Amino acid sequence: MDFLQPTSWADALAVRAERSDAVPIAGGTDVMVDLNFDRRRPGALLDLGRVPELREWTVEDGTGGVGATGGVGGSTVRLGAGVPYSRIIDDLGARLPGLAMAARTVGSPQIRIRGTVGGNLGSASPAGDAHPPLLAAGAVVEVESAARGVRRIPAAEFFTGVKRNALEPDELIAAVLVPEAVGPQQFCKVGTRNAMVIAVSAFACALHPDRRAVGTGIGSAAPTPRRAPEAEEFLAGELESAGLWESRGDLPDGLARAFGERVAAAASPIDDVRGSAAYRRHSLAVMARRSVTWAWAEYQQDLRKAA
Amino acid sequence: MRITTTVNGTEHEVDDVWAGESLLYVLRERMGLPGSKNACEQGECGSCTVYLDGEPVCACLVAAGQAIGREVTTVEGLATEGELHPVQEAFVEAGAVQCGFCTPGLLVAAHDLLERVPDPSDLEIREALAGNLCRCTGYEKILDAVRLAAARQARP
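Chains as they are written, first to last, in numbering that gives the first Met the number 0: chain A, 0 to 306; chain B, 0 to 155.
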């Protein structure tokens with residue numbers, strides 16, 4: 000096994016193109032487990048830890064340029080694939096609250112210091128903690144190859160199967176482009192304890208008052224992380240028809256519950272060692288109901304961000 | 000593959016390291032530093048916690064090559080000139096050590112917490128140690144030890 004250690008993004012792409020037998024490694028929190036347990040013996044490890052471009056995040060304004068400070072609304076965080084969860088928590092809690100909440104639930108302090116969103120996307124586990132908030136926020140995954148350049152793939156199209164993603168063999172994940180929050184975001188995760196938990200089920204939601212829309216992301220309850228589009232449209236429609244985006248009035252009785260039921264209906268969970276399909280579906284309904292209730296309460300309080 | 004890494008302030012150089020080896024294996028089997036313990040090999044138990052460039056990480060999840068040119072501090076590096084570090088003293092005094100297998104990792108995690116947060120709340124202690132498992136103590140004595148070390152640090 001070779002250990003390939005490029006020190007620039009261009010070199011990393013060149014190495015990736017030459018060595019289809021190489022497994023990219025960032026924080027190692029997934030790849031090293033496979034090596035330690037003899038589940039994988041790749042021809043090479045491609046260490047991305049010394050590629051400085053991957054460890055930066057910047058704010059892009061609506062026109063695609065990069066600004067030092069992004070105003071609220073229309074800005075996008077370009078999160079380098081190698082930014083660890085600990086820095087997302089420290090730096091991005093205000094801009095990307097849903098992702099930061101999910102980041103706080105990842106593993107343990109030791110894991111959050113090493114683990115990255117790029118690694119999470121590369122592993123593409125249905126249980127990956129970053130995925131639901133990325134789906135709810137409408138994030139886009141930026142991948143690149145030396146031969147064909149940059150491709151931008153919506154998160155909702157990135158996951159193609161259990162631990163499978165849309166990457167071509169010569170591509171690497173450069174960054175994830177996450178719209179800055181313009182409304183409340185929430186994340187919920189069920190596990191047997193607070194730390195070191197692979198989600199039994201997880202749910203993220205985001206209110207997008209600027210475009211009167213609702214975003215969702217379901218984790219650990221389908222072959223891939225996925226949205227619940229019918230639940231999104233249902234809730235956004237109900238809020239619209241009752242004039243609640245402007246009035247910020249209370250949610251009608253039963254609306255959050257009905258939203259939760261639609262979220263649960265969008266899942267296709269299985270029974271496995273971590274939980275049963277029935278429990279996953281039930282817990283999703285509960286998490287969706289709760290999280291939208293919390294998000295709405297925050298929206299009612301936060302009058303500064305006018306729709 | 001040759002690995003050159005500064006461990007506990009001393010540069011170590013080892014040859015013939017397999018590319019898939021973990022930093023933990025290199026420390027224990029090639030550098031003669033068995034303080035960091037090898038248990039779960041999946042980042043679950045924290046018994047291999049070491050500092051990598053000043054941050055606590057699971058050494059079992061760091062590829063050996065990722066540590067080239069970096070600074071590593073293991074539990075062996077906490078004591079200076081034969082004197083236990085106050086965090087180590089507190090673990091001994093509070094009865095936070097039973098079988099001792101988890102202790103090296105917990106010491107590094109607790110040491111890191113007290114470097115960052117000199118007077119941690121119980122919640123902060125629990126959160127900081129959430130990645131370290133102990134099957135003997137029930138954790139109460141470990142929490143006592145961290146509180147004791149924090150109190151001593153405040154009033155030396």
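Quick caveat, the hints were computed from the structure, so don't treat them as lab data.
If you're wondering where the values come from, they're calculated on a predicted model, not measured in any experiment.
The beta-carbon is built from N, C-alpha and C at its ideal position, and this holds for glycine as well.
You may find that some hints are simply not true.
[Stated by the list, open to error] FRET-style restraints, in silico, Cβ to Cβ:
(1) R154/B with R211/A: 36 to 46 angstroms
(2) R192/A with V91/B: 24 to 34 angstroms
(3) C135/B with E229/A: 42 to 52 angstroms
[Unchecked claim] Computed list of chain B residues with no C-beta within reach of chain A, every gap over 10 angstroms:
(4) E12
(5) E80
(6) G81
(7) P119
(8) E126
(9) N131
(10) C135
(11) K140
(12) A150
(13) Q152
(14) R154
Check your understanding: Is the Cβ of G81/B more than 10 angstroms away from each Cβ in chain A?
Key -> G81/B is indeed farther than 10 angstroms from all Cβ atoms of chain A, at 28 angstroms.
Review point. Do the beta carbons of R192/A and V91/B sit within 24 to 34 angstroms of each other?
Key: Cβ of R192/A to Cβ of V91/B: about 28 angstroms, so the range 24 to 34 angstroms holds.
Practice item. Please confirm whether E126/B is truly not at the interface, meaning its C-beta sits more than 10 angstroms away from all C-beta atoms of chain A. Key: violated (7 angstroms)
Exercise for review: Grab the minimum beta-carbon distance between Q152/B and chain A and tell me whether it stays above 10 angstroms.
Suggested key: Its Cβ never comes within 10 angstroms of chain A, the nearest being 20 angstroms, so this holds.
Point to revise | Assertion that E80/B lies outside the chain A interface [Cβ separation over 10 angstroms] | key: Non-interface label on E80/B holds, nearest chain A Cβ at 28 angstroms vs cutoff 10 angstroms.
Point to revise | Cβ separation check - N131/B to all of chain A, threshold 10 angstroms | key: Its Cβ does come within 10 angstroms of chain A, the nearest being 8 angstroms, so this is violated.
Exercise for review: Determine whether the Cβ-Cβ distance between C135/B and E229/A falls within the hinted range of 42 to 52 angstroms.
Suggested key: holds (51 angstroms)
Review point. Does the no-contact call for C135/B survive, Cβ to all of chain A over 10 angstroms?
Key: holds (18 angstroms)
Exercise for review: Test the statement that P119/B is away from the interface with chain A: the closest C-beta pair must be farther apart than 10 angstroms.
Suggested key: holds (13 angstroms)
Point to revise | Beyond 10 angstroms from each Cβ of chain A, as asserted for R154/B | key: Holds, since 27 angstroms exceeds 10 angstroms.
Point to revise | Least C-beta distance from A150/B to chain A larger than 10 angstroms | key: Holds, because the least Cβ-Cβ distance between A150/B and chain A comes to about 22 angstroms, which exceeds 10 angstroms.
Check your understanding: When you look at the beta carbon of E12/B, is every beta carbon of chain A farther off than 10 angstroms?
Key -> holds (16 angstroms)
In the structure shown, a violation is registered for the earlier hints numbered 1, 8 and 9, in ascending order.
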